[in-house]
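Model the full assembly from the supplied sequences, consistent with the hints where possible.
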Amino acid sequence: MNYFEHIGKYFLMLKHVFRAPQKKKVFRESLFREIEDLGLKSLGIVVFISFFVGGVVAIQTALNIDSPLIPSYLIGFATKRSIILEFAPTFVSIILAGKVGSFITSSIGTMRVTEQIDALEVMGINSLNYLILPKVVAALFFYPLLIMLSIVVGIIGGYFAGVLTGLFYAKDYIFGIQLEFDPYLLQYAMIKTFVFAFVIITVPAYHGYYVKGGALEVGKASTASVVWTSIVIITLNYYLTQMLLS
Amino acid sequence: MIQVIDLKKNFSGSPVLKGISTIFEKGKTSMIIGQSGSGKTVFLKCLLGLHSPDEGTILFDNRKHNELKINDQRQLRKEIGMVFQGGALFDSLNVEENVMFPLKMYTKQTHQEMRERVNSVLERVNLKNSQHKLPAELSGGMQKRVAIARAIVMNPKYLFCDEPNSGLDPKTAILIDNLIQEITKEYDMITIINSHDMNSVMEIGEKIMFLNHGQKAWEGSNEEILKTDNETVVDFVYSSNLLKKVRKAYLMEM
Chain A
324 MNYFEHIGKY FLMLKHVFRA PQKKKVFRES LFREIEDLGL KSLGIVVFIS FFVGGVVAIQ
384 TALNIDSPLI PSYLIGFATK RSIILEFAPT FVSIILAGKV GSFITSSIGT MRVTEQIDAL
444 EVMGINSLNY LILPKVVAAL FFYPLLIMLS IVVGIIGGYF AGVLTGLFYA KDYIFGIQLE
504 FDPYLLQYAM IKTFVFAFVI ITVPAYHGYY VKGGALEVGK ASTASVVWTS IVIITLNYYL
564 TQMLLS
Chain B
1498 MIQVIDLKKN FSGSPVLKGI STIFEKGKTS MIIGQSGSGK TVFLKCLLGL HSPDEGTILF
1558 DNRKHNELKI NDQRQLRKEI GMVFQGGALF DSLNVEENVM FPLKMYTKQT HQEMRERVNS
1618 VLERVNLKNS QHKLPAELSG GMQKRVAIAR AIVMNPKYLF CDEPNSGLDP KTAILIDNLI
1678 QEITKEYDMI TIINSHDMNS VMEIGEKIMF LNHGQKAWEG SNEEILKTDN ETVVDFVYSS
1738 NLLKKVRKAY LMEM
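In the order they appear, the protein sequences are chains A and B.
Position one of the first sequence corresponds to residue 324 (the numbering used here), numbered consecutively onward.
Position one of the second sequence corresponds to residue 1498 (the numbering used here), numbered consecutively onward.
No lab work stands behind these hints: they were computed from the structure.
Owing to the predicted nature of the structure, the values given are computational and were not obtained by experimental measurement.
Please note: incorrect hints may appear among the correct ones.
[Said to hold, decoys possible] List of simulated lysine to any residue pairs, SDA-like, C-alpha gap at most 20 Å:
1) Lys346/A <-> Lys1601/B
2) Lys1575/B <-> Gln345/A
3) Lys1605/B <-> Ala343/A
4) Lys1601/B <-> Lys535/A
5) Lys1575/B <-> Pro344/A
6) Lys346/A <-> Thr1607/B
7) Lys535/A <-> Gly1583/B
8) Lys1561/B <-> Gln1572/B
9) Lys346/A <-> Gly1583/B
10) Lys1523/B <-> Glu503/A
11) Lys348/A <-> Glu1594/B
12) Lys346/A <-> Ile1567/B
13) Lys1575/B <-> Lys422/A
14) Lys535/A <-> Ser1533/B
15) Lys348/A <-> Asn1507/B
And the structure:
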């Protein structure tokens, strides 16, 4: 199957996903389960990575600004911008593509090869809608919160890294992160987050839903889904940045 | 009654089903047998609507399966129960939730009413105290019984089973066979079983259809299969020495 056929099949899949749920109560239950599986269970890794990467960004910025003519509050300013514009929405999304994407592909793929999806179809249930829609809604609702948290923790990580290593003063860093605050940048970050959240769920779901074979194929599909989700995120990141910031 | 008329199905140009016609009757256990690759699973999946036939008609009590409107198709699917080869139980749900699933999707019953119905079908398949176990904690035979419970919880008119006793020990296999046959009579269903197990075929096959290279090669009852002189059927069914002896003894007795 060539790339165009895959793209066509992906959009046809979306057509079946975005239908009204057959039973609202069952959908609500699935939604809460997905918020826990895809969102709450990712909190730990997001906080951990954001804290340390925020620290690294601050240290690298500090080490690269060695001219006495450049004020040290720019370290806080640059760290804040890097985290809001790129690190939190894009880098964290790629990490989530690995963690959540492989989980989605393997769980849906296993359902496919063990005939659980056939069982849903025989019962007259739209399996795409039942399995994927709650995941998409959970991600669109929860990932913006996760990215906001990542921004806050990243900036805090930068503060601790710089202050504890003595690379800059706390008051300069705090002044820097308050300097020229532009709410549009947060808006930009949130738009990217929504788009990436959609990709993080639907691309791995596509790979899992159409898997054929057994355990080995599910494993291969998981790897392929992480690779393709990352490629799509990086490509869309480029176009979104051009569209929204230029 | 399920009526199949001239059913044909091709995959990538090669014919898998080559014009099968047959009738499955109410209250009877029908078996589909044949070698691997003979088209049994494709035939069953066509009946279930998981594959759409290229040609031919499938009538469920005079309703054309492939020409029904979405709502009528949904209604028909509520009348179908299916036991998959591996059970196909939902891993993340426990036994009670698995059996309750069709009720949750299709009825407006209260939780208490659903629990009562689930308990009664679990009791029927002799699994009363396993409600809170996950599928992974069950043996193969228990998983099959949960699958049967889930298939009959909506009081289906049609029950389909894909190799229901594959991977089971002979004793459990007989239990599952008997259970399916009893349920068929009790619920007055049309039961269609895909099987490789000749013991099951002899025990509960009230109607047997033998598929060979995508064609119906023979049709009859479990008594008739002992007497048949159709070489292809004899070659397949009596391939083991034990069954050859059974057949010889039966024919001598006659």
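Comparing the hints with the structure gives:
About 8 Å separates the Cα atoms of Lys346/A and Lys1601/B, which keeps this hinted pair within 20 Å; it holds. This hinted pair checks out: Lys1575/B and Gln345/A have alpha carbons roughly 14 Å apart, not beyond 20 Å. Under the criterion of a C-alpha separation no larger than 20 Å, the hint pairing Lys1605/B with Ala343/A is consistent with the structure, at around 18 Å. This hinted pair does not check out: Lys1601/B and Lys535/A have alpha carbons roughly 29 Å apart, beyond 20 Å.
Distance restraint check for Lys1575/B and Pro344/A: the Cα-Cα separation of roughly 17 Å lies within the 20 Å cut-off, and the hinted pair is therefore satisfied. Distance restraint check for Lys346/A and Thr1607/B: the Cα-Cα separation of roughly 14 Å lies within the 20 Å cut-off, and the hinted pair is therefore satisfied. The straight-line distance between the Cα atoms of Lys535/A and Gly1583/B is roughly 16 Å, inside the 20 Å bound, and the hint therefore holds. Among the hinted pairs, Lys1561/B with Gln1572/B is consistent with the structure: their alpha-carbon atoms are about 13 Å apart, no more than 20 Å.
Only pairs whose Cα atoms come within 20 Å are accepted, and Lys346/A paired with Gly1583/B is rejected, the gap being roughly 27 Å. Restraint check for Lys1523/B and Glu503/A: the C-alpha separation of about 78 Å exceeds 20 Å, so the hint is violated. With a C-alpha separation of about 14 Å, the suggested pairing of Lys348/A with Glu1594/B holds against the 20 Å cut-off. Pair hint Lys346/A plus Ile1567/B holds up; C-alpha atoms about 16 Å apart against a cutoff of 20 Å.
Taking the CA atoms of Lys1575/B and Lys422/A, the gap is near 37 Å; set against the 20 Å cutoff, the hint is violated. Restraint check for Lys535/A and Ser1533/B: the C-alpha separation of about 19 Å stays at or below 20 Å, so the hint holds. Simply put, Lys348/A and Asn1507/B have alpha-carbon atoms about 40 Å apart, too far for the 20 Å limit, and the pair is violated.
Of the hints listed earlier, those the structure fails to meet are numbers 4, 9, 10, 13, 15, in rising order.
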